[in-house]
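Just so you know, the sequences run in chain order A and B. Heads up: the first sequence runs through residues 1 to 528, numbered per this note's numbering. Heads up: the second sequence runs through residues 1 to 277, numbered per this note's numbering.
Hints are computed from structural coordinates only; laboratory data are not their basis. Source: prediction; values computed, not measured. Virtual Cβ for every residue (Gly too), placed ideally from N, Cα, C. A couple of the hints might just be wrong.
In the EDC-like style, the derived pairs of lysine to aspartate or glutamate whose C-alpha atoms are separated by at most 16 Å in a straight line are [what the hints assert, rightly or not]:
id, chain 1, residue 1, chain 2, residue 2
1, A, Lys-86, A, Asp-470
2, B, Lys-45, A, Asp-307
3, A, Lys-196, A, Glu-37
4, A, Lys-326, A, Asp-68
5, A, Lys-506, A, Asp-528
6, A, Lys-283, A, Asp-488
7, B, Lys-45, A, Asp-301
8, B, Lys-134, A, Glu-396
9, A, Lys-25, A, Asp-218
10, A, Lys-506, A, Glu-194
11, B, Lys-134, A, Asp-307
12, B, Lys-134, A, Asp-414
13, A, Lys-191, A, Asp-174
14, B, Lys-134, A, Glu-400
15, A, Lys-97, A, Glu-236
16, A, Lys-443, A, Asp-414
17, A, Lys-508, A, Asp-260
18, A, Lys-508, A, Asp-528
For each label pair, taking beta carbons as the anchor points, the in silico distance ranges come out as [stated by the list, open to error]:
id, chain 1, residue 1, chain 2, residue 2, range
19, A, Val-254, B, Phe-16, 40 to 46 Å
20, A, Lys-345, B, Leu-237, 36 to 42 Å
21, A, Gly-213, B, Arg-234, 45 to 51 Å
22, A, Asn-365, B, Leu-237, 33 to 39 Å
23, A, Gly-361, B, Leu-237, 22 to 28 Å
24, B, Ile-116, A, Asp-260, 36 to 42 Å
25, B, Leu-237, A, Thr-47, 32 to 38 Å
26, B, Ile-116, A, Asn-365, 50 to 56 Å
27, B, Arg-234, A, Lys-102, 34 to 40 Å
28, A, Ser-323, B, Arg-234, 32 to 38 Å
29, B, Asn-190, A, Gly-361, 54 to 60 Å
30, A, Asp-260, B, Phe-33, 50 to 56 Å
Per the computed footprint, the stretches of chain A lying under chain B, defined by three or more beta-carbons under 8 Å from a beta-carbon of chain B, are [claimed, not checked]:
id, stretch
31, 372-381
32, 390-399
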Amino acid sequence: MNRLLKSCLVAATLALSNVSAHAGKDGGTLSFLVQPEPPTLASYVSTSGPIGLVMPKVYEGLFDYDNDGKMIPILAESYEMSADGKTVTFNLRKGVKWHDGKPFTSADVQFTVMDVLKKVHPRGPNSFREVSAIETPDAHTAIFKLNKPAPYMMRSFSAYESPMVPKHLLEGQDVKSAPLANNPVGTGPFKFVEWKKGQYIRLDKNEDYWLEGLPHLDRIVGRFIPDASTRTAAMENGEVLYAAYNAIPNIDAVRLKDRDDIDVTTDGYSMINPMALIEFNTKEGPFVDPAVRRAISTAIDRRFMIDTIFFGYGKPATSALSSNFKATNLHATMPNYPERGDVAKANAMLDAAGFKKNSDGVRLNGVLDIIPYGEDWRRAGEYLKQVMGDIGINLELRYEDVPTWLKRVYHRYDFQMNVNYFYQLPDPVLGVHRHYGTDQIRKGTHFVNSSRYSNPTLDALLDSGAGEPDAAKRTAAYNEIQQILANDMPVVNLFELEFLVVYNNKLKGAYDSAMGAYGSFREAYLDD
Amino acid sequence: MSTFWQRYRRNKSAVFGLAVILIVIIMAVTANFLYPFDPFRLAGKPLSGPGMNGFLLGSDSLGRDVAAGIVHGAKTSLLIGLIATLVAVLIGIVFGAFSGYYGGRLDDFLMRVTEIFQTIPSFIFAILLVAIMKPSIVSIVIAIAVVSWPGVARLVRGEFLALKSREFVQACHTLGMSDLRIMLREILPNCMSPIIVIGSLMVATAILIESGLAFLGLGDPNIMSWGFQIGAGRTMLRSAWWVCTFPGVAILITVLAINLVGEGLNDALNPRLRERI
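With the rest of the complex left out, here is chain A (with noise of 0.2 Å):
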């Protein structure tokens, strides 16, 4: 644990010497694109991205995250866990103001973790679930006091995942429609100051932030723009600087990084994780055994999704978790999950188990339902008939609009095979454990285990795959899950995507957090 502690500590110096080397120029706007509009600014409500985007700027962490994944002290300057991994202490910041010149105390932390995420949001439950008590000795100490050791816990404390929100705004009312919510006042870089509907947001430079000399940008604009085409220009024109999550569609920018003014880059989303799988009905249907699914994966051409669908933006998955989970050491390359597929190989297995061909070359017939998400997911359905057609199993494509979807998948269960794509997050326990757990059968909850897969064995090693302290172990427990999974194969790994962001490089110094565009900005600044 003292290792843990050290390396936490050397990270906070790195990350503060960081900070001085960066020093850019003051002044200028920033304008950006928000896709879509947020529906609210709660974002200790909502996790929808397009919240996520602006609320950072605003609301801060207690940590934030760099590109290798390592922990930069926000509002928690250190923390300290204890041997047993039951109790962490935070040592926060001090002399840390809200936008309302209120101080930053750990009586806001306790309010914000016990009161807030843990109730409303949606994956806090998830995060905090072994937080039973948060002590507040001083007003700069905060002590979790944890049922069980919580490793994952300390992968979400971005300002996305659990931004602190001031206790004097919330307490007393109720938190879900309280008018903080879109007047937010957080401790952040930047100020809220209007939300014009259908046009912007615009967030000022806080001129108290706690950081001195940060944030170098005056303003930040958030524009929303309905049209691609039209967010294309706008980008090409240099009308805006920045834009993440595919705001700008995969086709321009493939045509854009020519530019010279212009760079493209998937760094900023190794925390949100994004994997393209296929969920089976483990239950009923022509599915239910594991080796067709291993069929159904070997045959499957990965690299040819990848390079045809999604331009060449993607990883193929190489097991149960996304290769991103190698920072950690819980990523294992498993069987079963060729780059290239092998329709002989796909071919021979599906005969070794008995499943012969008919007349007219089909052994089972089945449909497929594709995500309701757009033009990538039907090419993506269209090219998995045809690969399926090949091994002998003949799908028919079913495409209908997500609240259809989403009640056939997660609420009747009346799918047979389903193409979809998972958050895994930064950890296994927060992003993957919901697809696999027996826990995680919960009829009508949208993104858990609809497969309805369900393996003691599996559940034992998730539980110690989530509380386990020590690393090594946490590691050969994780081992074991992804063998099993590899293969009873409940959902089949596709590959990772790859998002973009499209940026004008005048735009400098907004690309070292790994939230990437959910990041702050603080350091954000325009070279030209």
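Add chain B to chain A, keeping to what the hints say.
Just chain B now, kept in the frame of chain A:
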């Protein structure tokens, strides 16, 4: 019949239209001989240009043969156009005939119902219908028929109104013929020519609606159609023009040809315009 053909023949563009439609029909009928495989098949290198890698009209982003898609899509477009039009014409005739023949309250009622359908923008209504039912070839045919019949009903009503007081109809009444028989055997044959003309034009509209729906992603995902090809290729218009250009040209030519034929039919069937040229 020979005089009909003589009259039709006088309109040269109508003859051209007929020739084009015949080609499209032949294409549709022989699709399985020309390209005896699933048009969704990944046939080769993605985004090959026309003439490259053995693709006559190029390949799309997944390496599907554009030419195969056009040939198989012809089948879909014609089939949907014809069936949807037949259904719409049938509904329209029933509504229009009863409304025009009986008049009075029934007429009021039926025409108000027709107007409700006419006031809703037809393409948006079709989108709505397909979105409610799940996108499939049946739901698309139903949607197109539902948005197309009011025009036929209006036309048939007008014809029935005009014809029902004519002497031959009165003679039928005197002879004691039943209403249904008068409507079916006497009046309807006399207003067939405008129905045929409007029907032929509706086939063109139906093809356009189907293409529009498929373009918006509301087509049957398991069936190749021209609109689907355009929708799938539109994002790469700048880099691979052939993916949506050729199906687009196919739609343009087919719809134009059907319109020309419709006009030719109008000239040939409408006695009052017989000497127009």
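Consistency of the hints with the structure:
no., hint, result
1, A/Lys-86 to A/Asp-470, "13 Å, holds"
2, B/Lys-45 to A/Asp-307, "12 Å, holds"
3, A/Lys-196 to A/Glu-37, "11 Å, holds"
4, A/Lys-326 to A/Asp-68, "11 Å, holds"
5, A/Lys-506 to A/Asp-528, "6 Å, holds"
6, A/Lys-283 to A/Asp-488, "13 Å, holds"
7, B/Lys-45 to A/Asp-301, "14 Å, holds"
8, B/Lys-134 to A/Glu-396, "13 Å, holds"
9, A/Lys-25 to A/Asp-218, "11 Å, holds"
10, A/Lys-506 to A/Glu-194, "26 Å, violated"
11, B/Lys-134 to A/Asp-307, "30 Å, violated"
12, B/Lys-134 to A/Asp-414, "15 Å, holds"
13, A/Lys-191 to A/Asp-174, "23 Å, violated"
14, B/Lys-134 to A/Glu-400, "6 Å, holds"
15, A/Lys-97 to A/Glu-236, "39 Å, violated"
16, A/Lys-443 to A/Asp-414, "12 Å, holds"
17, A/Lys-508 to A/Asp-260, "15 Å, holds"
18, A/Lys-508 to A/Asp-528, "10 Å, holds"
19, A/Val-254 to B/Phe-16: 40 to 46 Å, "43 Å, holds"
20, A/Lys-345 to B/Leu-237: 36 to 42 Å, "38 Å, holds"
21, A/Gly-213 to B/Arg-234: 45 to 51 Å, "48 Å, holds"
22, A/Asn-365 to B/Leu-237: 33 to 39 Å, "36 Å, holds"
23, A/Gly-361 to B/Leu-237: 22 to 28 Å, "36 Å, violated"
24, B/Ile-116 to A/Asp-260: 36 to 42 Å, "58 Å, violated"
25, B/Leu-237 to A/Thr-47: 32 to 38 Å, "35 Å, holds"
26, B/Ile-116 to A/Asn-365: 50 to 56 Å, "42 Å, violated"
27, B/Arg-234 to A/Lys-102: 34 to 40 Å, "53 Å, violated"
28, A/Ser-323 to B/Arg-234: 32 to 38 Å, "33 Å, holds"
29, B/Asn-190 to A/Gly-361: 54 to 60 Å, "56 Å, holds"
30, A/Asp-260 to B/Phe-33: 50 to 56 Å, "53 Å, holds"
31, 372-381, "holds (count 4)"
32, 390-399, "holds (count 4)"
When the structure is compared with the earlier hints, violations turn up for hints 10, 11, 13, 15, 23, 24, 26 and 27 and for no others.
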